[in-house]
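K.L.:
Make the full structure from the sequences, and use the hints.
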Amino acid sequence: MKKLSTKIWGLIVLFLLVTITFMYVLTEYLYEQLYVEDTEASMVEVGEKLRTKYKGGKVTDQFILDVEEFNTYSNFDVFAVRNPRELSACVPFDIDYDALIGPNERKELLQGNSITKIGYEERFERQIISVILPLTDQSRLEGIIYLYYPLAKISELANKEVFLLIGCAIIFSALLGFFVYEGIRHIMRPLKELQEAVEKMSNGNYETRVIVSSKDEIGKLSEAFNEMASSIEREDEAQKNFLATVSHELRTPISYVKGYCEAIQQQFIEGKDKDEAISLIAREANRMERLTNELLELARTSNEQNIELYPIVLSETIRDAICLLEKKSAEKNIEIKTNFDEQIIVEGHEEKLKQIFINTIENAIRYSNNDSTISILTKIMNGNAIIEIIDRGIGIPAKDLPHITERFYRVNKARSRADGGSGLGLSIVDQLVKQHQGNVTIKSVVGEGTTVSITIPLMEE
Amino acid sequence: MKHVQLYIMLLFLFILAGCNEQAFTKINQHQSFVASVNILEPSITFFEGTEEIAKWEFEKAYTGALLIKKDQILLYGHQLDEADLYELSTGKKVQTIKSGIGTTNAYYDEEQERFFFTNSESNTISSFNAHGKKLEELQLGNYPMSMTSHNGKLYVVNYKDTILSVIDLDLFEVEDEWEIEKSSNGMIILPEEEVVWIGGHGEGSKPNQEIDVYNIKTGELQSEINVSLMPIGFSRKETTVFVVNHGSNELFALNLQGKVLWNMEVGANPFVVATYKDYQVVTGYDDHKIYFIKDRQIQKTIETNQGPFQLLVREVVK
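So the sequence lines, in the order shown, correspond to chains E and S. Residue numbering for the first sequence follows this note's numbering, beginning at -3 and increasing consecutively. Residue numbering for the second sequence follows this note's numbering, beginning at 8 and increasing consecutively.
Treat the hints loosely; a few may be bogus.
List time: in silico DSS-like cross-link candidates among lysine-lysine, alpha-carbon distance up to 27 Å [said to hold, decoys possible]:
(1) E:K54 to S:K266
(2) E:K49 to S:K213
(3) S:K213 to E:K103
(4) S:K67 to E:K103
(5) S:K76 to S:K100
(6) S:K307 to E:K103
(7) E:K103 to S:K62
(8) E:K216 to E:K188
(9) S:K284 to S:K301
(10) S:K301 to E:K54
(11) S:K213 to E:K51
(12) S:K167 to E:K103
(13) S:K213 to E:K113
(14) E:K54 to S:K307
(15) S:K307 to E:K51
(16) E:K54 to S:K213
Keep in mind the hints are simulated off the structure, nothing from the lab.
P.N.:
Okay, here's the thing in structure tokens:
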């Protein structure tokens, strides 16, 4: 298993080598092209100037001499040939010697075209660039001017430099390779730290955080990791608290039940007291039943991802809920005032919607004083249905408001069992409303009362 | 379905008929002509007077031709393994002879009605009867090519050798071998002088500038006639011998003793000269033109197919 940094490094070095090779080949090619082309062009130029001395007819001795004389001053080797044997004049007869030009070249020259060749020439025993110009008269090939320049000189020139070039390329590659390696190691360091942090996290060390030292992708990844770590830590904390609360909530009624049962068994309590004790046991058992039911409800709603929603007349559902709670409100002599917009139809699940209202109204009744009023009104705002449940109860302190929907969160910890709530009601409401793509906001003033606003999207027309 | 079969049958018959009927322009038996054998675009162009009368164009890469019995043309190729005999008066192929790859030249002996082919692959000369059946084979020197006959003897120049082979046609055996120059090509026998003139390209890259004169009886080199560059084509009219020098594009006229009468520049790389009526006809291999010369003047120049390499002359006396 290779490290990512090694892979990237390898890739960069490979690209580097490819680039250097390519540049080398390109330079070589260009050099040769330009040099050869330049040489060729000047050879053609010289050849054509020399050719102007030929006035037609047979190639004279004087012309041959003139060209030879020019040769002594020229950069190139130049000579004129008039021997028809050298000019392949005997083809189509089988020829068993090396003529200076071949039959195809002869054909080309006969048409008045000059020829340039690059390659090994047997006669000169070396690589040459050669230019051949025809001396023609009335479609007779009377002779040629042959110019050549040894290619070897060019490659010899290049050869001297080639070792220096290769040496430089190697040193350059090595240096660049080293710096690239260091650079990648530097860039990759946060990734390594991140990897270590992840390992710590998976070992249960949730307070692990990494230092964010850059704003690049790795920096963002580190930030995201830190956020994730916080969330996990928070969730872990909440899980622990929840377990502690659940066990605490269950332990208290169980100890009541256990204590009274033992007292009755050993006949410490007699007569009227005994009846009271039994009714207490029954009450605590009810509480435990409710608690477990609500826990079940909570567990179910958190597991459900998508529920099926359908059009529901909102006021009907609220009236059903009020109806179910009539007994409780009557006990405290609380009057429930309603003001419904009968037109409101929302997308919802009837049972769950009813549960939302039962929990909220029950809460309102629970924390309202005797002989007070609770107002429930519905209205449309921005394509949503707003349901407001307003009580004149004890209210909630501002510091507790943000936590009010957390499980088992109670404003007055001591009053827990006295007011009969389990601390799960609003948690359930919150979850159910979220399932309906809505939200819950709670405003409250201590001693004056609480307003719970539930927003649920209207049915789409 | 039956219709389809019928059509295919008819088509096949047409193709077959087409193959059989492939004939060239007929050449009247009573017509004189000079014909150029072109090898780059394989063809024969026939001229009467100085007018083109017919052009035979071939698919096969023939490299040489021979006029036989006035009404037949034998065509052979260095890279072909068979030679074809065409009849001029019908324009049709009449016979095929398995001459073998490497054929450099052909000769026809009218008396015995035999064909002779020299071969550069096997360095032999082979004889075939009138029906194309191979009769005998004789080993010669390296690359036998130029041939001419006289008095029942066939003289064969071995092009890449220094030997001329003299063959007795009756016995079909090498009777004598003469020492000659390498790359010799082209010869003419002058019986009244008892000499053979042999031309050539020259050895290696050195061009030959002379005609070698050999004694026909002894095979000894008698003299050398200085001409221009590479004399390889010979022709004779009465007491004048015409020689083309392909290296210098020159036509020389000499008397039988080898004295130069006149010379002139003609054509580009001419390989062959022929006498036809009052003309000397020269072909330019590089400029693919045929020159008709009379009184040392070019009378007419005619463009022909590429690579005119040989001339065939038929003069019918009316």
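K.L.:
Against this structure, judge whether each hint is valid.
P.N.:
Comparing the hints with the structure gives:
Between the alpha carbons of K54 of chain E and K266 of chain S the distance comes to roughly 24 Å, so the proposed pair stays at or under 27 Å and holds. As the CA atoms of K49 of chain E and K213 of chain S are separated by approximately 26 Å, the hinted pair is consistent with the 27 Å bound. Under the criterion of a C-alpha separation no larger than 27 Å, the hint pairing K213 of chain S with K103 of chain E is consistent with the structure, at around 21 Å. Restraint check: the Cα-Cα separation between K67 of chain S and K103 of chain E comes to about 22 Å, which is no more than 27 Å; the hinted pair holds.
Restraint check: the Cα-Cα separation between K76 of chain S and K100 of chain S comes to about 15 Å, which is no more than 27 Å; the hinted pair holds. For the given pair, K307 of chain S sits about 25 Å from K103 of chain E by alpha-carbon distance, which is consistent with the 27 Å threshold. With a C-alpha separation of about 24 Å, the suggested pairing of K103 of chain E with K62 of chain S holds against the 27 Å cut-off. For the given pair, K216 of chain E sits about 15 Å from K188 of chain E by alpha-carbon distance, which is consistent with the 27 Å threshold.
About 10 Å separates the Cα atoms of K284 of chain S and K301 of chain S, which keeps this hinted pair within 27 Å; it holds. About 24 Å separates the Cα atoms of K301 of chain S and K54 of chain E, which keeps this hinted pair within 27 Å; it holds. Distance check on the hinted pair: K213 of chain S and K51 of chain E sit about 25 Å apart at the alpha-carbon level, within 27 Å; holds. Of the pairs offered as hints, the one joining K167 of chain S and K103 of chain E holds, with about 25 Å between alpha carbons and a cut-off of 27 Å not exceeded.
For a cut-off of 27 Å, the pair hint linking K213 of chain S to K113 of chain E stands: about 25 Å separates their Cα positions. As the CA atoms of K54 of chain E and K307 of chain S are separated by approximately 23 Å, the hinted pair is consistent with the 27 Å bound. Between the alpha carbons of K307 of chain S and K51 of chain E the distance comes to roughly 26 Å, so the proposed pair stays at or under 27 Å and holds. The straight-line distance between the Cα atoms of K54 of chain E and K213 of chain S is roughly 18 Å, inside the 27 Å bound, and the hint therefore holds.
Taken one by one, the earlier hints all hold for this structure without exception.
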